[in-house]
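Chemist: For the protein sequence lines, the chains are A and B, in the order given. For the first sequence, this note's numbering assigns the number 466 to the initial residue and increments by one for each residue that follows. For the second sequence, this note's numbering assigns the number 79 to the initial residue and increments by one for each residue that follows.
Keep in mind that a hint or two might mislead.
Unchecked claim - Below, a list of computed lysine-lysine pairs in the PhoX-like style, where the Cα atoms sit at most 25 Å apart:
#, chain 1, residue 1, chain 2, residue 2
1, B, K283, B, K143
2, B, K152, A, K577
3, B, K213, B, K98
4, A, K508, A, K596
5, B, K149, A, K596
6, A, K678, B, K215
7, B, K283, B, K215
8, B, K204, B, K215
9, B, K194, B, K149
10, B, K149, B, K85
11, A, K590, A, K577
12, B, K143, B, K85
13, B, K194, B, K213
14, B, K204, A, K596
15, B, K143, A, K596
16, B, K98, B, K330
17, B, K213, B, K200
18, B, K215, A, K596
19, A, K577, A, K483
20, A, K596, B, K85
21, B, K85, B, K283
22, A, K590, B, K283
23, B, K274, A, K590
24, B, K194, A, K590
25, A, K678, A, K577
26, B, K274, B, K213
27, A, K596, A, K577
28, B, K152, A, K590
29, A, K508, B, K274
Said to hold, decoys possible - Partner residues aside, some chain B positions facing chain A, computed with beta carbon under 8 Å:
#, residue
30, F91
31, S93
32, A188
33, I227
34, Y230
35, H232
36, L234
37, L250
38, Y336
Worth flagging that the hints you see were computed from the coordinates, not collected in a lab. Just so you know, even glycine gets a beta-carbon here, dropped at the ideal spot from N, CA and C.
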Amino acid sequence: MFLTVTLSLLQGLATTVKLFALTLLFSLPLGLIISFGSMSRFKILRYPVKTLVWVVRGSPLMIQLLIMYYGPGLLFGWELLPRFTAALVAFVINYSCYFSEIYRGGIEAIPKGQYEAGQVLGMTKSQIFCKVVLLQVVKRIVPPMSNEIITLVKDTSLARIIAVYELIWNGQTFIKSAGIIWPLFYTTVFYLVFNGALTLLFGYIEKRLDFFKC
Amino acid sequence: MAMLDVKNISKSFGSTHVLKDISFSLEQGETIAVIGVSGSGKTTLLRCLTHLEQADQGTVSIHDKVVFDGKSQKSLSDRELRQRRLHFGMVFQSFNLFPQYTALQNVMLASQLLAKERPDYKQNHKAIHREVEEKAKSLLAQVGLSERIGNYPHQLSGGQQQRVAIARALALEPDILCFDEPTSALDPELTGEVLKVIRSLAERKMTMIIVTHEMAFARDVADRVIFMDVGYIVEQGRAADLINHPKEERTKQFLARYASGQ
Numbered sequence: 466m467f468l469t470v471t472l473s474l475l476q477g478l479a480t481t482v483k484l485f486a487l488t489l490l491f492s493l494p495l496g497l498i499i500s501f502g503s504m505s506r507f508k509i510l511r512y513p514v515k516t517l518v519w520v521v522r523g524s525p526l527m528i529q530l531l532i533m534y535y536g537p538g539l540l541f542g543w544e545l546l547p548r549f550t551a552a553l554v555a556f557v558i559n560y561s562c563y564f565s566e567i568y569r570g571g572i573e574a575i576p577k578g579q580y581e582a583g584q585v586l587g588m589t590k591s592q593i594f595c596k597v598v599l600l601q602v603v604k605r606i607v608p609p610m611s612n613e614i615i616t617l618v619k620d621t622s623l624a625r626i627i628a629v630y631e632l633i634w635n636g637q638t639f640i641k642s643a644g645i646i647w648p649l650f651y652t653t654v655f656y657l658v659f660n661g662a663l664t665l666l667f668g669y670i671e672k673r674l675d676f677f678k679c
Numbered sequence: 079m080a081m082l083d084v085k086n087i088s089k090s091f092g093s094t095h096v097l098k099d100i101s102f103s104l105e106q107g108e109t110i111a112v113i114g115v116s117g118s119g120k121t122t123l124l125r126c127l128t129h130l131e132q133a134d135q136g137t138v139s140i141h142d143k144v145v146f147d148g149k150s151q152k153s154l155s156d157r158e159l160r161q162r163r164l165h166f167g168m169v170f171q172s173f174n175l176f177p178q179y180t181a182l183q184n185v186m187l188a189s190q191l192l193a194k195e196r197p198d199y200k201q202n203h204k205a206i207h208r209e210v211e212e213k214a215k216s217l218l219a220q221v222g223l224s225e226r227i228g229n230y231p232h233q234l235s236g237g238q239q240q241r242v243a244i245a246r247a248l249a250l251e252p253d254i255l256c257f258d259e260p261t262s263a264l265d266p267e268l269t270g271e272v273l274k275v276i277r278s279l280a281e282r283k284m285t286m287i288i289v290t291h292e293m294a295f296a297r298d299v300a301d302r303v304i305f306m307d308v309g310y311i312v313e314q315g316r317a318a319d320l321i322n323h324p325k326e327e328r329t330k331q332f333l334a335r336y337a338s339g340q
């Protein structure tokens with residue numbers, strides 16, 4: 466039984482990891498774009514972006530998943546997205562907004578003097594961002610990012626609300642099919658191992674950026 | 079003919095007039111000190127010269143070539159603006175070194191980026207890199223930091239950081255080097271080493287504008303002194319004359335407070 470459960474949970478883990486990895490892949494760059502929008506000088510851009518961030522951060526992710534899955538059908542009579550795709554889109558939007566605020570915090574924390582020093586040295590705006598500001602931003606955002614990314618690992622379990630067969634879904638099925646509840650608790654081990662690996666990775670990145678202080 | 083000619087510069091932030099009709103000139107190799115209480119507009123003046131702020135009116139010319147004109151400034155391309163900026167170097171009160179680069183890299187960075195725009199960069203990039211590095215090393219030697227070129231800013235004292243910042247500003251060979259209260263963020267025992275470097279630059283006839291609260295230094299090193307108050311130039315003249323025998327009442331008051339140690 467233990468082997469059967471473990472194999473089933475590993476399958477669930479595969480879906481969880483896939484959802485996690487694809488969410489990161491899309492939301493890390495998208496978050497940066499959103500953060501530029503929310504820092505824009507132009508109100509016409511800044512206000513809608515800030516509203517989006519408010520709505521997405523202010524409403525439950527579980528509802529966002531339901532909207533992404535059922536919404537297009539209910540509102541427009543469209544065909545439903547595949548469950549995994551719907552979950553992925555909801556996660557990408559949700560996490561982009563969270564990441565955008567972390568980026569914004571990191572970028573706005575860079576002292577004005579760094580930009581000015583670059584300007585008087587004749588650097589272009591993009592040179593200042595890439596050569597001067599970027600690494601300092603990365604250093605500042607690693608701790609809050611690692612927090613958010615570890616939360617994402619566990620948040621993927623919400624996708625079961627639209628029947629994506631991720632880790633917890635697979636653990637839960639044994640309650641009905643075999644009348645046992647321990648597989649559900651056993652899933653925790655997988656999350657712990659996964660997050661343990663991530664913690665080590667972030668620790669390593671922090672260490673690599675230890676050579677300077679800002 | 080004056081090297082730098084500043085004419086009728088005015089600047090306001092909202093309804094606050096920070097600079098009012100500022101005019102002065104500077105000869106090649108001359109050092110001018112700008113003194114005055116905090117909020118008198120000294121720093122804003124430097125920031126207008128280095129294009130960190132835009133003056134509302136007035137012109138700045140170097141060797142009779144206009145590098146700033148309040149009337150036409152907005153239409154400048156980024157490229158032109160950058161080119162015009164390079165006439166001036168700037169040393170900040172808070173150093174503003176780039177923390178992720180060593181002292182040497184801080185001095186080299188801008189030169190390297192500019193070198194990439196040279197047409198012959200592709201063929202000669204190794205030679206150009208070596209040239210940039212040699213120059214950066216000799217500048218760091220000039221400010222007495224040969225031993226420290228591999229250190230990151232956080233491993234250096236404030237005085238050392240400011241000396242790196244001076245070397246960094248010199249690397250682009252500006253016509254005029256501006257200092258914005260270069261020693262105000264330093265412990266008293268560290269100001270000496272920075273002032274010594276500035277003094278040696280004056281002896282080598284670097285053209286400099288120094289905003290400072292160090293009256294003795296202004297008197298000894300600067301050729302001329304400008305005294306500013308509430309956005310005006312109240313008085314300007316030869317350093318020793320102005321500091322020892324000010325003409326204007328306002329200047330006398332200001333200097334008297336310094337003499338009595340405030």
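Chemist: Could you run down the list of hints and mark each one as holding or not?
Modeler: Each hint tested on the structure:
Restraint check: the Cα-Cα separation between B/K283 and B/K143 comes to about 21 Å, which is no more than 25 Å; the hinted pair holds. For a cut-off of 25 Å, the pair hint linking B/K152 to A/K577 stands: about 22 Å separates their Cα positions. This hinted pair does not check out: B/K213 and B/K98 have alpha carbons roughly 40 Å apart, beyond 25 Å. Between the alpha carbons of A/K508 and A/K596 the distance comes to roughly 28 Å, so the proposed pair goes past 25 Å and is violated.
Restraint check: the Cα-Cα separation between B/K149 and A/K596 comes to about 33 Å, which exceeds 25 Å; the hinted pair is violated. Of the pairs offered as hints, the one joining A/K678 and B/K215 holds, with about 23 Å between alpha carbons and a cut-off of 25 Å not exceeded. At roughly 21 Å between alpha-carbon atoms, B/K283 and B/K215 fall within 25 Å of each other, so this suggested pair holds. For the suggested pair B/K204 and B/K215, the alpha carbons sit about 16 Å apart, so the restraint of at most 25 Å is met.
Distance check on the hinted pair: B/K194 and B/K149 sit about 32 Å apart at the alpha-carbon level, beyond 25 Å; violated. With a C-alpha separation of about 13 Å, the suggested pair B/K149 and B/K85 falls inside the 25 Å cut-off, and the hint holds. Our distance criterion of 25 Å between C-alpha atoms is met by A/K590 and A/K577, whose separation comes to about 13 Å. Restraint check for B/K143 and B/K85: satisfied, since their Cα atoms lie roughly 13 Å apart, inside the 25 Å limit.
Our distance criterion of 25 Å between C-alpha atoms is met by B/K194 and B/K213, whose separation comes to about 17 Å. The suggested pairing of B/K204 with A/K596 holds, with an alpha-carbon distance near 20 Å, which does not exceed 25 Å. At most 25 Å may separate the alpha-carbon atoms for a hinted pair to count; B/K143 and A/K596 exceed this at roughly 32 Å. The straight-line distance between the Cα atoms of B/K98 and B/K330 is roughly 21 Å, inside the 25 Å bound, and the hint therefore holds.
A distance of roughly 20 Å separates the Cα atoms of B/K213 and B/K200; the hinted pair therefore holds under the 25 Å criterion. For the suggested pair B/K215 and A/K596, the alpha carbons sit about 21 Å apart, so the restraint of at most 25 Å is met. Annotation: proposed proximity of A/K577 to A/K483 is violated, straight-line Cα distance about 40 Å (limit 25 Å). Restraint check for A/K596 and B/K85: the C-alpha separation of about 36 Å exceeds 25 Å, so the hint is violated.
Under the criterion of a C-alpha separation no larger than 25 Å, the hint pairing B/K85 with B/K283 is consistent with the structure, at around 24 Å. Distance restraint check for A/K590 and B/K283: the Cα-Cα separation of roughly 33 Å exceeds the 25 Å cut-off, and the hinted pair is therefore not satisfied. The hinted pair formed by B/K274 and A/K590 fails the criterion: a straight-line CA distance of about 34 Å is larger than 25 Å. Using a Cα cut-off of 25 Å, the hinted pair B/K194 and A/K590 holds, with the two alpha carbons roughly 16 Å apart.
Taking the CA atoms of A/K678 and A/K577, the gap is about 16 Å. The hint holds against a cut of 25 Å. Of the supplied pair hints, the one linking B/K274 and B/K213 holds, its CA atoms being roughly 21 Å apart against a limit of 25 Å. Taking the CA atoms of A/K596 and A/K577, the gap is near 15 Å; set against the 25 Å cutoff, the hint holds. A hinted pair counts as satisfied when its Cα atoms are at most 25 Å apart, and B/K152 with A/K590 qualifies at roughly 17 Å.
Taking the CA atoms of A/K508 and B/K274, the gap is near 49 Å; set against the 25 Å cutoff, the hint is violated. Checking B/F91 against chain A by beta carbon gives a least distance of about 15 Å; that is not within 8 Å, so the hint is violated. With 8 Å as the threshold, the beta carbon of B/S93 stays out of range of chain A, its nearest partner Cβ sitting at about 22 Å, so the hint is violated. A least Cβ separation of about 4 Å between B/A188 and chain A falls short of the 8 Å threshold, and the interface hint therefore holds.
Using the Cβ-Cβ criterion of 8 Å, the hint placing B/I227 at the interface with chain A is not satisfied: the shortest such distance is roughly 16 Å. With 8 Å as the threshold, the beta carbon of B/Y230 comes within range of chain A, its nearest partner Cβ sitting at about 5 Å, so the hint holds. Annotation: B/H232 was flagged as interfacial toward chain A, and the flag holds, the nearest CB pair being 4 Å apart, inside 8 Å. Among the interface hints, the one on B/L234 is violated; its C-beta lies about 11 Å from the nearest C-beta in chain A, farther than the 8 Å criterion.
Checking B/L250 against chain A: minimum C-beta separation of about 6 Å stays under 8 Å; hint holds. Because the closest C-beta pair between B/Y336 and chain A is about 28 Å apart, greater than 8 Å, the hint is violated.
Comparing the model with each earlier hint shows violations of hints 3, 4, 5, 9, 15, 19, 20, 22, 23, 29, 30, 31, 33, 36, 38; every other hint is respected.
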